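Visitor: Chain A is fixed; fit chains B and C onto it per the hints.
Read top to bottom, the protein sequences are chains A, B and C.
Residue numbers for the first sequence follow our numbering, beginning at 371 and rising by one.
Residue numbers for the second sequence follow our numbering, beginning at -6 and rising by one.
Residue numbers for the third sequence follow our numbering, beginning at 919 and rising by one.
FYI, nobody ran anything at the bench for these hints, they're computed from the structure.
Check before you lean on any hint, since a few could be wrong.
List time: in silico EDC-like cross-link candidates among lysine to aspartate or glutamate, alpha-carbon distance up to 20 angstroms [said to hold, decoys possible]:
hint, chain 1, residue 1, chain 2, residue 2
1, B, Lys158, A, Asp437
2, B, Lys132, C, Asp929
3, B, Lys158, C, Glu1019
4, B, Lys156, C, Glu1078
5, A, Lys549, B, Glu127
6, C, Lys1082, C, Asp1154
7, C, Lys983, C, Asp1242
8, C, Lys1272, C, Glu1019
9, B, Lys156, C, Glu950
Computed from a prediction, not measured in an experiment: that's the story for all the values here.
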Amino acid sequence: MDLLGFIIILVKVLVVFAATMLTVLVMIYLERRVSAFMQGRLGPNRVGPQGLLQPIADGIKFMMKEDIVPAGADKPIFILAPAILLIPALMTFAVIPFGSDITLFGRQIPLQVADVNVGILYVLALTSIGVYGIVLAGWSSNSKYSLLGGLRSSAQLISYELAMGLAVVSIILLSGSLKLNDIVADQQGYLFSWNVFKQPLAFIIFLVAVYAETNRLPFDLSEAEQELVGGYHTEYSSIKFAMFFMAEYANMITAAALTVTLFFGGWDFPLVDESSLGILGTVLSVCSFILKMGFFLFLFIWVRWTFPRFRYDQLMKLGWKVMLPLALFNIFITAGYLTVRALV
Amino acid sequence: MPLSLLFYFAALIAVGSAILVVLNRNAVYSAIFLVLCFFSLAMIYLLLEAYFLAVLEIFIYAGAIMVLFLFVVMLLNLGREKALPHFMKFQRALSLMLVILFFFGVSLIMVVGSGELHQPTIKFSSGSVYALGEALFTKFLLPFEVASLLLLVALIGTVYLAKRKI
Amino acid sequence: MDLSQYFTSSDIAGITPEIILTLTALVVLTLEMARVFRPGIILLVAASGLVLAGTALVQGGNDDKILFGGMLYLNTFSMFFDFLYLFVGLLTLIFSQGYLEKMGSETRGEYPALILFAVIGMMLMTRANDLVMVFLGLELLSLSLYVLVGFLRHNLLSNESGLKYLLLGAFATGFFLFGAALTFGATGTTNFSGIASAIAAGTVLSEIYLYLGIGFLLIGFAFKVALAPFHMWSPDVYQGAPTTVTGFLCTAPKAAGFGAMLKVFMIAFPEAFPEWQDIFWVLAVLTMTVGNISALVQSNVKRMLAFSSVSHAGYLVMGILVKDIAGVSAVLFYLIVYSAMNLGAFAIISLAEKDEQSLTFKQFRGLASQNPLLSGALAIFMVSLAGFPPTAGFIAKYGLFSAAIAKGYIWLVVIAVLNTVVSFYYYFRIIVNMYMRDEKVGLQPSTGLLTAGILALLIAIVFILGITPGYLLEITVDVATAVS
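For reference, chain A alone in the conformation it holds in the complex:
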């Protein structure tokens, strides 16, 4: 690999990382403002114009706080757990293409950190690793609430991972590839070539599963504050608590980006051929990606302040008795359609 190529990759890594972290800050701010708006309150508006600097103030506060490790906690794992949760959450974005190719310095640069040929599986695998952070945090805290939160979330994540994976399978069947680039390329063209129109059922299943996977309402049983104080992060304080927080929002960002990539054409702007427009096309595609992603991030907040929490048995019933059979049915239909199409 030559020097320029190396620098380009380095720049891409830094840009993606910085963008993710920035979005996390924005999300924390928005979550509070939007919820206030929905409840007819004002929300944080004192730090900076419109309270925009509030997340930074929060961050500084987190760092200044005393770091507590409870007595009886399993120290190494207690310290490791937030990192185990945060690192996969930040790594996932690496395979998501966020714009059409750009030509700079005489070479074509794909706007994606790494083009892994099993991209979608890479995302699913890393998501499944994040569970360890939650489970181990719950166990190592040596507290009932934490343990219950950890157990709940591990059972929940595994249950919904199945439905999510199966929903993705039908997308893979259509595109014939595990590469996220191919999946995006497959949805180019007119508006109705987006997967959400071809696979509405898969989209619904995927969306619901994503909410369960990110531990967001209406599936946030692992941190249900009325029952479990704070769930798995009850005993955490200071920067470690902030890491859990960041991981949650990073996961939401990845999930939104993945939803866009799989079902809404990724960076595709409908009816426009981005590659023919040169640098303008790239800008258009990145903007289109950010817009779509922004919508889904907003949806996360919107849903949170709209739906009540599920009961645990309802959650399991929904996952195993509704989502899973539906996802299987969808695969069956999709495969049947593809077989018939191949025969005709």
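Guide: Same frame as chain A, now just chains B and C:
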């Protein structure tokens, strides 16, 4: 050659963490080291350019199966393993000696006899998913189907033995 | 893509018995789920599945077939074993009728279904022509057996033995897989004929890996058929398992293990064999001696029979060691006779058992006056297990010993005969208890008409094969010629 260095790195972690799985007295730590072992195995798969297998190793073993293990271990709330009764001391020493002898004997024989071993015929690097899928549904069709029977039996057995009320 | 080089309709036709058994098992499970039929009917459905599979087997003919691109190799050898499994499976289902209820567990659809799956696994083991298939068959069999052994969910002994069997069985599986992997590394294939031709052509990449691989495969097999020193699991498992399952466990799976072992060592490693003779010699002597000596001191009848089955496995290893037509045909003959004797013995013990405790020798006191017919039958099976003429046990042992002598293993046969003499003690101990000790508090076994009929059939087999073994011997010689 940096790649072979990476291999030795991964292999060392794999063996080391596998040993720690066995030696640890805390079941949760054992489970965590097993996960680490799976990761180093996945790394070896990556070095063999079998990306699909590498990701599956993490996705299925580390991501699903071991989480369930951990789940059960936590539910059982196992404390530190109690030391075995005194009278087992002799047996333990003997078994440890035999295990070490066996391990080093087999490793020695394998190192001596490694020679020029068989190379895989399928190159996994391009379209490994296609290659794997094709092999499963052509050459290995019957084993693939029998494996499904195997899983069915395991499922029946688990439900029968473990469900409180059937 | 042209798939016909991988499988055609004739390949599918070749596995009709397996397909029939699988479908029957699924039907049985569905009937269980529906809960509208009595347990007896579910057993009947499973039994008819076995019979149907048998007819399909006959329909298929006995010409040599290679299926699924070399995964399976059907010939008279595999067919011989297929019939043995189906027969044992059928008898086990019949004997199980009523037994599980007696032991405090309702008969459930899972039981016959698992027996059917075990039969499929065994069939695949001896039909296999590839280490992958042997492994899958072995695992299908073992998984079914783990559950069957622990089938009495509320019985601690049964649970314990199921768990023990699972843990040690998994260990053995590891050895087997490691052996298969090393063999693959050395020869570049898992196909039996491929391995054989690689060895014959001298294209083995690493001799040492091959020997290590064969060694690990042997350890895997030795665990599964309980050869000393890998027999430790068998007494506990045999004792804790439901007795009908024990009867199944020590007959058909043992036959399957020996069948697969014969096939692996005769087809895949014929050239590598001479170096392994000493190891088989030691295994044979160790197994029969350890089995017999341990059986002497048991007070529990099922444990005694477990060790006796270990010692019988030791005699069978002699046949593998001899490895010519006479030796293999003797093994096959022995397996049939051994299955008949053990099935009968365990069936009678299952009838005599009354609660969760398994029987000791003392409890058999005075059984002869209580139920002379059953005691007579048990005595006949014991005499045959001991190897007395005119029972089939004698002919079977004679066949093995004479094959070994013909190959010059004089000392081995001397040790085997000494072992046989030792074994008289514990086989006759039960007869002595039944006939010569009088005690009023005996067992009160009751038999249904069907069970009694089957027992009579088994006794007839023991005597007919003991007096005129010629017919079966002809078949076994034919079958043995097919693999040699």
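Visitor: Decide, hint by hint, whether the structure agrees.
Guide: Structure-based check of all given hints:
Of the supplied pair hints, the one linking lysine 158 of chain B and aspartate 437 of chain A is violated, its CA atoms being roughly 47 angstroms apart against a limit of 20 angstroms. For the suggested pair lysine 132 of chain B and aspartate 929 of chain C, the alpha carbons sit about 13 angstroms apart, so the restraint of at most 20 angstroms is met. For the given pair, lysine 158 of chain B sits about 17 angstroms from glutamate 1019 of chain C by alpha-carbon distance, which is consistent with the 20 angstroms threshold. With a C-alpha separation of about 17 angstroms, the suggested pairing of lysine 156 of chain B with glutamate 1078 of chain C holds against the 20 angstroms cut-off.
Taking the CA atoms of lysine 549 of chain A and glutamate 127 of chain B, the gap is near 19 angstroms; set against the 20 angstroms cutoff, the hint holds. Pair hint lysine 1082 of chain C plus aspartate 1154 of chain C holds up; C-alpha atoms about 8 angstroms apart against a cutoff of 20 angstroms. Restraint check: the Cα-Cα separation between lysine 983 of chain C and aspartate 1242 of chain C comes to about 23 angstroms, which exceeds 20 angstroms; the hinted pair is violated. The hinted pair formed by lysine 1272 of chain C and glutamate 1019 of chain C meets the criterion: a straight-line CA distance of about 11 angstroms does not exceed 20 angstroms.
Distance hint between lysine 156 of chain B and glutamate 950 of chain C is fulfilled; the C-alpha atoms sit about 16 angstroms from each other, no more than 20 angstroms.
Going through the hint list in order, the structure does not satisfy hints 1, 7.
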